[in-house]
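Chain order of the listed sequences is F and D.
Just so we're aligned, residue -9 is where the first sequence starts under the working numbering, counting upward by one.
Just so we're aligned, residue 83 is where the second sequence starts under the working numbering, counting upward by one.
Honestly, the hints are just simulated from the structure, not real lab data.
Fair warning: this is a prediction, and the values are worked out from it, not measured in the lab.
For glycine and all other residues, C-beta sits at the position ideal for the given N, C-alpha and C.
If a hint is listed, it holds; no wrong ones were tucked in.
To give an idea of the interface, some chain F residues facing chain D are shown, with a C-beta separation under 10 Å as derived from the structure:
no.: 1; residue: 24
no.: 2; residue: 31
no.: 3; residue: 34
no.: 4; residue: 42
no.: 5; residue: 82
no.: 6; residue: 91
no.: 7; residue: 92
Calculated pairs, PhoX-like style, for lysine-lysine (alpha carbon to alpha carbon, straight line, at most 25 Å):
no.: 8; chain 1: F; residue 1: 59; chain 2: F; residue 2: 39
no.: 9; chain 1: D; residue 1: 118; chain 2: D; residue 2: 101
no.: 10; chain 1: F; residue 1: 39; chain 2: D; residue 2: 118
no.: 11; chain 1: D; residue 1: 91; chain 2: D; residue 2: 123
no.: 12; chain 1: D; residue 1: 104; chain 2: D; residue 2: 91
no.: 13; chain 1: D; residue 1: 104; chain 2: D; residue 2: 135
no.: 14; chain 1: D; residue 1: 101; chain 2: D; residue 2: 91
no.: 15; chain 1: F; residue 1: 39; chain 2: D; residue 2: 123
no.: 16; chain 1: D; residue 1: 122; chain 2: F; residue 2: 39
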Amino acid sequence: AQSVTQLDSQVPVFEEAPVELRCNYSSSVSVYLFWYVQYPNQGLQLLLKYLSGSTLVKGINGFEAEFNKSQTSFHLRKPSVHISDTAEYFCAVSDIGNQFYFGTGTSLTVIP
Amino acid sequence: DTEVTQTPKHLVMGMTNKKSLKCEQHMGHRAMYWYKQKAKKPPELMFVYSYEKLSINESVPSRFSPECPNSSLLNLHLHALQPEDSALYLCASSLGGRGYEQYFGPGTRLTVT
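Just chain D, same shape as in the assembly (with noise of 0.2 Å):
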């Protein structure tokens, strides 16, 4: 199994609210990332976490909060948004260290109101 699933595909949110995204992977990865990817852009880098600890904070707002409950398991807690936030958000993950290929999946694509 060489997938990365991501939940919700799609998320509408009002700038007062609360909500999560949700990626999942059984592929034995140990590190986990977090991507922001607008429209003909690149993804830009926004968290990592190996062995299950946040590694990299590319100084991300604090309205966005990452967690990894387990090795398999990684979350975006989403709160207080702005319209900018509004993108693609990619889920990968790697073996981790130099020279293994990211899997990423098919991203949530987030739309703050």
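So here's chain F without its partners, still in its complex pose (with noise of 0.2 Å):
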């Protein structure tokens, strides 16, 4: 089975601030990777994936993801949080078949 860490359980960052959560999965093998945020009260939405190809993904609501497979990371980036930001964030990794393995969770509050 899959490990997947995510070091920081809470991150908070002012408003209009840059903001790094991040990701290390266990595998040696090719994973793909996501991104999920989910809102209070809300199932999870997809921010982003890594399948192949260019290590810098972007996603939805302006956030990016680079994959480092010498690193085995997949962090999540965005150069300005807003408000709006405040969430959970899930970083998960499927290998083969139809499950995924999350991670813990970071959940990021912005101050403003």
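Build the complex from these two chains, which are given one at a time in their own frames, with help from the hints.
What follows is the structure, given as structure tokens:
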């Protein structure tokens, strides 16, 4: 089974500041990588995904992520956050079949 | 239409009740999933249906019984639940196979009293 680590359980950041949410995974074989966002009392929404090709992936709401195979990382970034970005963020890995492996989540709080 | 719908939105049930959660998608997805999510935790996989057949059961207690009547519908039947089963139950669907993202519904907030 895969292991996904999100080192930061909580990240407070001021509005309009940049943010990076970290994700590391365990597999040495090819994996597919995803970032999801969950707003309070809602389901998960896909922000972006990496399947192959360019290591810099752009997603919705101004987010982007960089795949680094040597460091087995897939960190999420946004150059300038808004209050509306306050949410829980989950990194996920898919290897074989239909199963996803989720990280423990990072709670992003944007401070006005 | 990229929507997964779930009903009801909220459910309160006693430990002796029988209830069902419903999930529906019309995206032609052939894989459907049930997850359980506790507050501030990631979703925990419960069941996976692939082409309407149960393919993964993550050792879920028998008081949870899934059903996939057709390729668009997924039910979760609940019976004799415990208070610790109170959680957000999420349904998801995907095209199936490696690399396809899962689309999540808004969830059913279940409280067992």
